[in-house]
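Just so you know, we're using our numbering here: the sequence shown kicks off at 1 and counts up by one.
What the hints contain is simulated information worked out from the structure, not anything from laboratory work. Ideal Cβ positions, reconstructed from N, Cα and C, are used throughout, including at glycine. One thing to keep in mind: the hints can contain errors.
What the hints assert, rightly or not - Each computed SDA-like pair below joins lysine to any residue, with the alpha-carbon atoms no more than 25 Å apart: (1) K193 - P210; (2) K290 - S371; (3) K394 - K167; (4) K304 - S371; (5) K167 - I87.
Claimed, not checked - Between beta-carbon pairs, the in silico distance windows are: (6) E354 - Q28: 16 to 22 Å; (7) R111 - Q397: 40 to 46 Å; (8) H158 - A2: 30 to 36 Å; (9) D272 - G118: 57 to 63 Å; (10) S335 - G368: 29 to 35 Å; (11) S57 - N142: 24 to 30 Å; (12) G118 - I244: 17 to 23 Å; (13) E354 - L282: 38 to 44 Å; (14) S371 - L116: 23 to 29 Å; (15) G391 - F40: 30 to 36 Å; (16) K356 - A222: 38 to 44 Å.
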Amino acid sequence: MAKHILFITTHNLATNPRLVKEMELALQNNYAVSVICFEFNNWSRHFNEELKNKLGSKINYIGIAGNRKPRWPWLMSSFLFLISKWILLFLPKHKFWLSVRCNKRSWLLMRALKKLPGSFQLMLAHNPGSFYPAWQFATKHNIPLGIDLEDYHPGESHQESVNTIFKQLNRAILRKANFITAASPDILEYSEKDLEDTLKSKRVVLNYFPSTEFVLPVANDADTLSLVWFSQNISFGRGLEQLIPVIKNHPQIALHLFGHCNTNFKNQWLHDTENIHLHGPLPQAQLHQKLCQFDVGLAIEPGKDVNNELALSNKMLAYFQAGIYILASKTIAQSRFINSFPQHGMVSSLQPPELKQAIETLLQQKEGIRSSAIQRFENATMHNWETESQGLLKLWQQHSS
Numbered sequence: 001m002a003k004h005i006l007f008i009t010t011h012n013l014a015t016n017p018r019l020v021k022e023m024e025l026a027l028q029n030n031y032a033v034s035v036i037c038f039e040f041n042n043w044s045r046h047f048n049e050e051l052k053n054k055l056g057s058k059i060n061y062i063g064i065a066g067n068r069k070p071r072w073p074w075l076m077s078s079f080l081f082l083i084s085k086w087i088l089l090f091l092p093k094h095k096f097w098l099s100v101r102c103n104k105r106s107w108l109l110m111r112a113l114k115k116l117p118g119s120f121q122l123m124l125a126h127n128p129g130s131f132y133p134a135w136q137f138a139t140k141h142n143i144p145l146g147i148d149l150e151d152y153h154p155g156e157s158h159q160e161s162v163n164t165i166f167k168q169l170n171r172a173i174l175r176k177a178n179f180i181t182a183a184s185p186d187i188l189e190y191s192e193k194d195l196e197d198t199l200k201s202k203r204v205v206l207n208y209f210p211s212t213e214f215v216l217p218v219a220n221d222a223d224t225l226s227l228v229w230f231s232q233n234i235s236f237g238r239g240l241e242q243l244i245p246v247i248k249n250h251p252q253i254a255l256h257l258f259g260h261c262n263t264n265f266k267n268q269w270l271h272d273t274e275n276i277h278l279h280g281p282l283p284q285a286q287l288h289q290k291l292c293q294f295d296v297g298l299a300i301e302p303g304k305d306v307n308n309e310l311a312l313s314n315k316m317l318a319y320f321q322a323g324i325y326i327l328a329s330k331t332i333a334q335s336r337f338i339n340s341f342p343q344h345g346m347v348s349s350l351q352p353p354e355l356k357q358a359i360e361t362l363l364q365q366k367e368g369i370r371s372s373a374i375q376r377f378e379n380a381t382m383h384n385w386e387t388e389s390q391g392l393l394k395l396w397q398q399h400s401s
């Protein structure tokens, strides 16, 4: 009989590609898969339905409404979130209230878990709001627990009181897990510093993608240098405000943006821009195949918080696997990555003089960037999800009961 893994998250499938890759890995290795996640009536709903249809009957899918209907669960989770602020003043280390304060969907996960039997051989939690519900359920039913740190959540806010909540939750839960995975070396390092301890079973699992999603770069003889940037949302605080004034209406540059565009951002930054082209969000595999058409991928994280400094963005790894040249901002994680693969890109600050100089350097090196695209693609072929996931699979095999 196949061993059964239960995945839980406070996101939906469409906004958690790392979770989806892990579920597919489990299915490919003959695990039974159940997932508890959320459903939202926003731009991601269509893509979420596509993923559900793709996975179909292969998994046991348990979806929780993430909006205001049904009314009572939403009101209750909102009420608990509001009062948690005051309760934590008196009980600053209480796991339940820390969890609810981190994410009000945490209580909805606990509610859903109460309806499930404990017949799982492994439980995997993604996103902080799921850590406590997963630990509580795993402890009750004696199930091995793995926790994934895709981001450094204690470093996402500029309010130290908010970061403290996430640190306290991590201190309360992470050491109790059977193993921890992290999406970058720096995220793992900073998380261990917060714990003032070394985690016994841990592994960095970079967010590479399946190699089948990428195709050889295509020959490009256009006069303009084509830049590409993508995200779930095209909006403020993503580095675009620093980039756009430098390249706006530049006759030798075309910038392509993929994602759901915030209306206010569009009105403020994208009016009267003849060389900036907006594209709607695409399914992951389709987007990755399209990357081969561009010269340079932009990983312009603004370093707006500690997490932004430590995370290796999905887009940067996608550009790397696609073989297109990378212009990356000087965050800790991205600088480390480019230093490891200097032929794949360059780093720049987002200060106007240095960013402008970086763009000019790219224009001067346009022919060299294009002629070495296939070599970059071939160099990156050994770095993919198929290879990276083997370490994760070993952890599952080691710890599943």
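Hint by hint, which ones does this structure get wrong, listed from lowest number up? The structure breaks hints 1, 3, 4, 6, 7, 8, 10, 12, 13, 14, 16; every other hint is satisfied.
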